[in-house]
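Enquirer: Residues per chain are reported as follows:
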Amino acid sequence: MIPRAAALLLLAAVAACAAPPDGRRSGYEFMGPGTRAMQDDDATNPAMLWVLDGEALWRAGAGDSGRACADCHGDAAASMKGVAARFPAYDASRKKLIDLDQRINLCRTGRQQAPALAPESRELLALSAYIGRQSRGMPIDIAVPSEAQPLLEAGRAAFRRRQGQLNLACTQCHDRLAGEKLAGNPIPQAHPTGYPIYRLEWQGLGSLQRRLRNCMIGVRAEPYAYGAPEYVELEYYLMWRARGMKLETPAVRP
Amino acid sequence: MARAIVKVPARARRGEIIELRAIVAHVMETGFRRTETGALVPRDIIRRMVCSYNGVEVFRADFHPAVAANPLIVFTTLAAESGRIEFRWTGDNGFDAAESAPIAVE
Numbered sequence: 001m002i003p004r005a006a007a008l009l010l011l012a013a014v015a016a017c018a019a020p021p022d023g024r025r026s027g028y029e030f031m032g033p034g035t036r037a038m039q040d041d042d043a044t045n046p047a048m049l050w051v052l053d054g055e056a057l058w059r060a061g062a063g064d065s066g067r068a069c070a071d072c073h074g075d076a077a078a079s080m081k082g083v084a085a086r087f088p089a090y091d092a093s094r095k096k097l098i099d100l101d102q103r104i105n106l107c108r109t110g111r112q113q114a115p116a117l118a119p120e121s122r123e124l125l126a127l128s129a130y131i132g133r134q135s136r137g138m139p140i141d142i143a144v145p146s147e148a149q150p151l152l153e154a155g156r157a158a159f160r161r162r163q164g165q166l167n168l169a170c171t172q173c174h175d176r177l178a179g180e181k182l183a184g185n186p187i188p189q190a191h192p193t194g195y196p197i198y199r200l201e202w203q204g205l206g207s208l209q210r211r212l213r214n215c216m217i218g219v220r221a222e223p224y225a226y227g228a229p230e231y232v233e234l235e236y237y238l239m240w241r242a243r244g245m246k247l248e249t250p251a252v253r254p
Numbered sequence: 255m256a257r258a259i260v261k262v263p264a265r266a267r268r269g270e271i272i273e274l275r276a277i278v279a280h281v282m283e284t285g286f287r288r289t290e291t292g293a294l295v296p297r298d299i300i301r302r303m304v305c306s307y308n309g310v311e312v313f314r315a316d317f318h319p320a321v322a323a324n325p326l327i328v329f330t331t332l333a334a335e336s337g338r339i340e341f342r343w344t345g346d347n348g349f350d351a352a353e354s355a356p357i358a359v360e
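Line by line, the protein sequences are chains A and B.
Using my numbering, read the first sequence as starting at 1 and increasing by one per residue.
Using my numbering, read the second sequence as starting at 255 and increasing by one per residue.
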């Protein structure tokens, strides 16, 4: 066991050195060595169970069209590479922001003529984990066209707005107190580098919106409904704030 | 059948201690939780995991309600001969999952 402990320590030291010079750090770097090891090995990362489901769904025909994702998009390893790093994205024809889960459902209802998948359903999480997995290691690359600038500002304003009975803003914990402790746990910088994540507390996979919902309940604010534009704006701002950081999807978090 | 991921070294020397890893998709519902209306959520857990090496049982584990969802089991065995290592999980509500991987021993 000693060599393994030493190896994990070394790994931790290397990861600490790899922090970008601007001081932004992924939630990964706030985790203990055991949780990191769980994420690092695809044979122990429980989120890979969803990725395998997603791969099967990618190839399975759905809806009245009977078409599969693969019938249009082909091999996800090529066609979906880098896609998750660019979402949420501004859809000029719909004049709104669309996150990856909404993009998947647009394909389902529009192209496959299948019913939309429910938020946080095993199928939707499996597909977004599988698509996200194709961008692992790639830098987050969020485009902000001029039409989307007000939406980015709305997300930024939401991050800075005090809310809930506790009257707290995201920025108070995740900018000013990041690295400190909340109830014994380290407060990360809130960079959404690994969604959907396998959260040990959840005993399952969950989306960034589920995580945002957690924080809103934590400050005793009323959470929005899944898919609400307020969530997508906040996702957009958070991904923009983490631009250039590497995607770890599917990540493990405590 | 439920998803399972196993990790077996592709090759090993005869007599070498090898590490095996196996993870399986399962909710592991404890049977102690209640719904919003107070009804008990029925227990739904894996009861047993068995690992066989060329048909010979080399490892067995009994699971209980406190085991986490999607349980990961890591253990070691001796590399004896080339063949297949099979993992099988059985449990409540007729749960039955299996996964296997080959190993070459020289």
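FYI, nobody ran anything at the bench for these hints, they're computed from the structure.
Check before you lean on any hint, since a few could be wrong.
[Said to hold, decoys possible] Some residues of chain B that are not near chain A, with every Cβ distance over 12 Å (derived):
| # | residue |
| --- | --- |
| 1 | ALA256 |
| 2 | ARG257 |
| 3 | ALA258 |
| 4 | LYS261 |
| 5 | ARG275 |
| 6 | HIS280 |
| 7 | GLU283 |
| 8 | GLY285 |
| 9 | PHE286 |
| 10 | GLU290 |
| 11 | ALA293 |
| 12 | ASN324 |
| 13 | SER336 |
| 14 | ARG338 |
| 15 | ARG342 |
| 16 | THR344 |
[As the list claims (entries may be wrong)] Pulled from the structure, derived: some chain A residues nowhere near chain B, Cβ distances all over 10 Å:
| # | residue |
| --- | --- |
| 17 | PRO46 |
| 18 | LEU106 |
| 19 | ARG176 |
| 20 | GLY204 |
[To be verified] Incomplete in silico selection of chain A near chain B, CB under 8 Å:
| # | residue |
| --- | --- |
| 21 | ASP53 |
| 22 | LEU57 |
| 23 | LEU166 |
| 24 | GLN203 |
As the structure is a computational prediction, the values presented were derived from the model and not from experiment.
Every residue gets a Cβ at the ideal spot worked out from N, C-alpha and C, and that includes glycine.
Enquirer: So, for every hint listed, does it hold in this structure?
Expert: Hint-by-hint comparison with the structure:
1. ALA256: Nearest chain A Cβ is 8 Å from B/ALA256, so the label is violated.
2. ARG257: violated, 5 Å
3. ALA258: violated, 8 Å
4. LYS261: violated, 4 Å
5. ARG275: Violated: least Cβ distance 5 Å, not greater than 12 Å.
6. HIS280: violated, 9 Å
7. GLU283: violated, 10 Å
8. GLY285: Holds: least Cβ distance 15 Å, greater than 12 Å.
9. PHE286: B/PHE286 is indeed farther than 12 Å from all Cβ atoms of chain A, at 14 Å.
10. GLU290: holds, 15 Å
11. ALA293: Non-interface label on B/ALA293 holds, nearest chain A Cβ at 20 Å vs cutoff 12 Å.
12. ASN324: violated, 4 Å
13. SER336: The claim stands: B/SER336 keeps its Cβ more than 12 Å from every Cβ of chain A (closest is about 21 Å).
14. ARG338: holds, 17 Å
15. ARG342: holds, 17 Å
16. THR344: At about 18 Å from chain A, B/THR344 clears the 12 Å cut-off, so the statement holds.
17. PRO46: It is violated; A/PRO46 is separated from chain B by about 4 Å at its closest Cβ, not greater than 10 Å.
18. LEU106: holds, 27 Å
19. ARG176: holds, 34 Å
20. GLY204: violated, 6 Å
21. ASP53: Holds, about 6 Å.
22. LEU57: With a closest approach of 12 Å, the A/LEU57 hint is violated.
23. LEU166: Violated - the Cβ of A/LEU166 stays beyond 8 Å from chain B, reaching only about 24 Å at its closest.
24. GLN203: holds, 4 Å
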